[in-house]
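Enquirer: Single-letter residue listing:
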Amino acid sequence: MRRALLGMDVVALLLGILYLWAAFGYDRGTLDQPGPGFYPQFVGTLLVIASICSIVTHLLRPAQRKLVLPKGRDLGRVLSVTAGTVAYVILLNYAGHLLSAILVVFIVLHTMGLSSWPMKIGLTIAIALGSYYLFDIVLKVSLPRGILQ
Amino acid sequence: MSSLDGLLYGFSVCLSVNNLLAVIGGSIIGTLVGVLPGIGPVGAIALLLPITMGMSPETSLIMLAGIYYGSMYGGSTTSILVNVPGEAASVVTCIDGYQMAKKGRAGAALAVSAVGSFIAGTLGLVLLMFFAPLLAEYALSFGPPEYFAIALLGLFALSRITGAPFWQSMLALGFGLAIATVGLDSISFVQRFTFHIIELAQGIDLVPVVMGLFGIAEVLVIAEESSGIPEIVKTRFRELFPTRKEWRRSWGPIFRGSALGFFWGLIPGPSTVLSTFASYKLEKSLSKNPDEFGQGAIEAVAGPESANNAASTGAMVPLLSLGIPFAPAAAMLLAALLIQGVPTGPLLISQRPEIFWGVIASMYIGNVALLILNFPLVGVWTSILKIPQAILIAIILVLTMVGAYAINNSLLDLVVLVFMGILGFFFRKINFDVAPIVVALVLGPMLETKLRESLYMSRGDVSVFFTRPISGAIIAILGIFLVAPPLWALIRKLRQRRT
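Chains as they are written, first to last, in the working numbering: chain A, -16 to 132; chain B, 326 to 824.
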């Protein structure tokens, strides 16, 4: 756990430095006329100080709990669901909502252990069509149609 | 408008078909969210926010508020019958509620919990009805320094109350505040931190961040754990009535929990969760038989379950009267108002009375609906736990993603959603509390605007925050919040060394 916490602190510190560096690029203005860079410089300083103090705290005090990361099948399920969501984002504008949703729902149902194939296929189509009906037809959100256009 | 007139007006708003459906719908969804382990009220509100955009502002808020307080009712069911808290505010109920179930008193625990929640919700509403208009009237005299001080107190007090290490909370706060600065500066119209990406000019929306941190992260946790269908303690309807002795032991904790919970709700932080721990401790210290706690004491169910309901009502006071959310769920309700273009703050009551009084009246109706939904229909709710997780996850995932896209029809929101989801999963693993990120993201723009307005107003004189009585007092309270805990720890250490 300690390594993970320290890793996060270091990433936060790097992001904080980057943010602060970018914040200094904006006009700070004066105390009576604060500019767009005035407040971000405070926020950046807070990020940097908080991450440094967090690093020191984690170096001085070892973590009480052990980090338990998913392994084996558990990791497989997490990665598959993540891959499904990423695939949806990448495919949405090309394949459209319906086909992308079919893909992500099928991946989830399959990796989460739904064994019956007719059930898997039926539910995949029902959930994807249901989401299309709710958002596109009922709520009038124009979802991308992609190649189905 | 007096409180009574306001309430009657609220009922006239609330009794339209659309609003009644919103109350009932919100109560049902809230109970469902409470029953199902995983998606909590924040994730559920974020999930449904896009759906409510087509509704009128009052209907939208009535429904989303119903989800918020409804989840407090539903959370106890799984805590008592399965020993799995449906949401964080029901963790304490597991301790004695499940022990009662094992002893064959599940019905009594469920009944006391439902009745306690109803009483607490109703009492909390009476207090809300009187407190919120008073506070709003008082807040009309507030200027930018006062709002800046309140927002600052909200942020830093939250970091002190959550129980997470101080610097970790500060990091989360900084992270949320930094995200809030992305986009067009509202005063100078300069683009900040957009890296020439046009879509970033409108800023990073709150909803995909919350949906990711709470919704997608939760889906990933469920995918990892993928437990089977839980073992549920069966309860028959005729067993739902507590004995006279059980009722007698419950009244005190219910009323104490209601008062305690309401005032916890006024304090920044996850009040619904913390109020349950406070109530449990209080009841244990007052009990003649403290040894029974942990073995199935009915007081340990009645008090905390009343407290979390009253806290959810109390949290509506700063939200409706000042337009400042002190908890992530309240932040989501504020987001619902902002999306609809409703001006928030102390003028909400006078300018949009249909929203303020409509929501309050809906909460009275919602509490009655929830009592009916949760008391005799307990079997229906527990049967939902038998639905395979694969199906639930698939539905939640698709709705979350389409919902995030629907807000601005923006692919960037989807990218933010997935990124925050993965980040949220990692944060769960390292026990990093994400609540300050959400509150900072909501309060960040207000904090910056009010800081700059205060400095413009005072011509750069920083003492404006300390010399004005209200902002000065709030800053003093903030100082106590920040200094007192480490000082107290130091004193205790010194005392221990001496002894």
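By construction, these hints were calculated from the structure, which means they are not laboratory data.
Just so we're clear, the structure is a prediction, and the values are computed from it rather than from any experiment.
Every residue, glycine too, gets a C-beta built ideally from N, C-alpha and C.
Treat the hints with caution; some may be incorrect.
One-sided and incomplete, this derived list gives chain B residues near chain A with beta-carbon spacing under 8 Å [said to hold, decoys possible]:
#	residue
1	Ile376
2	Gly508
3	Ala548
4	Phe566
5	Ile712
6	Ala715
7	Ala731
8	Asn733
9	Asp758
Enquirer: When the nearest CB of chain A is found for Ile376(B), is that gap smaller than 8 Å?
Expert: Since chain A brings a Cβ to about 6 Å from Ile376(B), closer than 8 Å, the hint holds.
Enquirer: Was the hint right that Asn733(B) lines chain A, CB cutoff 8 Å?
Expert: The hint is violated - Asn733(B) has no Cβ within 8 Å of chain A, the shortest such distance being about 10 Å.
Enquirer: Taking the least C-beta to C-beta distance, is Gly508(B) closer than 8 Å to chain A?
Expert: violated (11 Å)
Enquirer: Hey, does the Phe566(B) contact hint survive, CB to chain A under 8 Å?
Expert: Where the cut-off is 8 Å and the nearest Cβ of chain A is about 40 Å from Phe566(B), the hint is violated.
Enquirer: Ala548(B) was flagged as interface toward chain A. Is the shortest Cβ-Cβ separation under 8 Å?
Expert: holds (5 Å)
Enquirer: Interface hint check: Ile712(B), Cβ to nearest Cβ on chain A, cutoff 8 Å. Holds or violated?
Expert: violated (11 Å)
Enquirer: Quick one, is the Ala731(B) hint okay against chain A at 8 Å, beta carbons?
Expert: holds (4 Å)
Enquirer: Answer holds if the nearest beta-carbon of chain A is closer than 8 Å to that of Ala715(B); otherwise answer violated.
Expert: Check passed: Cβ of Ala715(B) comes within 3 Å of chain A, closer than 8 Å.
Enquirer: Do the numbers back the hint for Asp758(B), that is, is its least Cβ distance to chain A under 8 Å?
Expert: Violated, because the Cβ-Cβ distance from Asp758(B) to chain A comes to roughly 13 Å (cut-off 8 Å).
The structure does not agree with the numbered hints 2, 4, 5, 8 and 9 stated previously, though it agrees with the rest.
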